[in-house]
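Visitor: Sequence:
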Amino acid sequence: MIRCARCLMPDTRPRIVFTDGVCNACLYHEAKKEIDWNARKTEFLEVVERHRGSGPYDCVVPFSGGKDSATIAWRLKFEFGLNPLLVCYGQLLWTEVGRCNLAHVAHLGFDIIYWRVNQLVSRALARRFFIERGHPKQHYDAGVNSVPVRTAVNFGIPLIFYAEHGESEYGGLVLSDEHRRTRDLTEVLENQIGDDPRNWATGDLSERDLYPYVYPDKADIERVGVKAFYFSYFFPWDIYENAKFARETMRFEQARNWPLQTSFTDLDHHPWLWGRSDGSFEGFDSIDDKIDDLDFYMMHVKFGFGRATRMASRLIQGGHITREQGMELVERYDGEFPETYLPDVLEYLDMTREELDGVIAKHRNPTL
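Letter by letter, the sequence shown follows residues 1 to 368 in the working numbering.
Take the hints with a grain of salt, since some may be wrong.
Said to hold, decoys possible - Computed spacing ranges between beta-carbons, pair by pair:
#1 Ala5 <-> Val224: 31 to 37 Å
#2 Asn118 <-> Gly53: 16 to 22 Å
#3 Lys32 <-> Glu331: 25 to 31 Å
#4 Ala5 <-> Tyr114: 41 to 47 Å
#5 Arg251 <-> Leu45: 25 to 31 Å
#6 Trp94 <-> Asp350: 17 to 23 Å
#7 Gly156 <-> His107: 24 to 30 Å
Unchecked claim - Simulated crosslink set (EDC-like; lysine to aspartate or glutamate; CA at most 20 Å straight-line):
#8 Lys227 <-> Glu49
#9 Lys32 <-> Glu178
#10 Lys41 <-> Glu336
#11 Lys302 <-> Glu336
Think of the hints as simulated: they come from the structure by calculation, not from any bench. Glycine residues also receive a C-beta, built at the ideal position from the N, C-alpha and C atoms.
Go ahead and model the full structure; you've got the sequences and the hints to work with.
Guide: Written out as structure tokens, the structure reads:
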């Protein structure tokens, strides 16, 4: 396993590309320094003016309840004067802090559509995909992609704003420069969902049961004229700055499971000292779902890097910590077993600890 010479992301991350020892995420962050952000903002304003006031809602914002989508929603409404419809696809097992942050946003004056899918189906799929693929949120990935688009189609709202293009920002396969700007159905199906959810139908689950996970028909999308853009194309993207903004502007809370332990002292001004999540050194990213801790742990099991590597690399790219500091945090926390919510997760998956350990062992990569 080879790590990027600038951040800490290894070459085992799916679809990542290395050039002379540097990952394409780091190269993209370097290239962003040359972007004319004023021109990008002008382009953004041209897009929104074409849709402003065309109906009860100007756009749809896929809303997880987290810092990034909340920041986008706030800026669209209060900075640019749009009326966004927030579409929240419910987490599998909400954390208390996730529920609190969702409530904070709701109280600011947004209309929010909350999709809570059939929990018998969701639990069956979570258990199935954890056993088969080591990924208990495979179906969540499908639902969180399909539901906002389906809502836009049903409400006749042609404009959607997603957060960031992950393949560009964090390392992956970038099909073209336009894919950094607009969301492509083919890329979503191949890179984020993995297959067509209609293939998940079994004797116990029908295609009707899987409706929330299936992407709308292309003809319906074209009839409404739905087009989805990435906010990160128009404005500098930094998840740490989003976390600060959400905390300062919307009273967002963070995970407070365990205190941070590190030998260096120049991070005292950073908010991740207030608490952290299992497997990481911070408590502001992916804190809404109790199953996230297990999902990130399985990433470490299968690919040899975990939550701490993921976050340290992003903060290194943003200039918030050094590579040396990130390495110390990775060595301390990467691959930590997700104990905090384990009883709730076992109940949701209908598993014993022994059964869970067996599934983990089955998916462990022996070469890493």
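Visitor: For every hint, state whether the structure bears it out.
Guide: Do the hints match the structure? See the list:
The supplied range of 31 to 37 Å is broken by Ala5 and Val224, whose beta-carbon atoms lie about 46 Å from each other. Distance hint check for Asn118 and Gly53: the Cβ-Cβ separation is about 36 Å, which falls outside the suggested range of 16 to 22 Å. Between Lys32 and Glu331 the C-beta distance comes to about 29 Å, which sits within the given range of 25 to 31 Å. In this structure the hint that Ala5 and Tyr114 lie 41 to 47 Å apart at CB holds, the actual value being about 44 Å.
At about 29 Å, the beta-carbon gap between Arg251 and Leu45 stays in the expected band of 25 to 31 Å. The given range of 17 to 23 Å is respected by Trp94 and Asp350, whose C-beta atoms sit roughly 19 Å from each other. Between Gly156 and His107 the C-beta distance comes to about 28 Å, which sits within the given range of 24 to 30 Å. For the suggested pair Lys227 and Glu49, the alpha carbons sit about 14 Å apart, so the restraint of at most 20 Å is met.
Of the pairs offered as hints, the one joining Lys32 and Glu178 holds, with about 15 Å between alpha carbons and a cut-off of 20 Å not exceeded. Pair hint Lys41 plus Glu336 does not hold up; C-alpha atoms about 41 Å apart against a cutoff of 20 Å. The straight-line distance between the Cα atoms of Lys302 and Glu336 is roughly 14 Å, inside the 20 Å bound, and the hint therefore holds.
Going through the hint list in order, the structure does not satisfy hints 1, 2 and 10.
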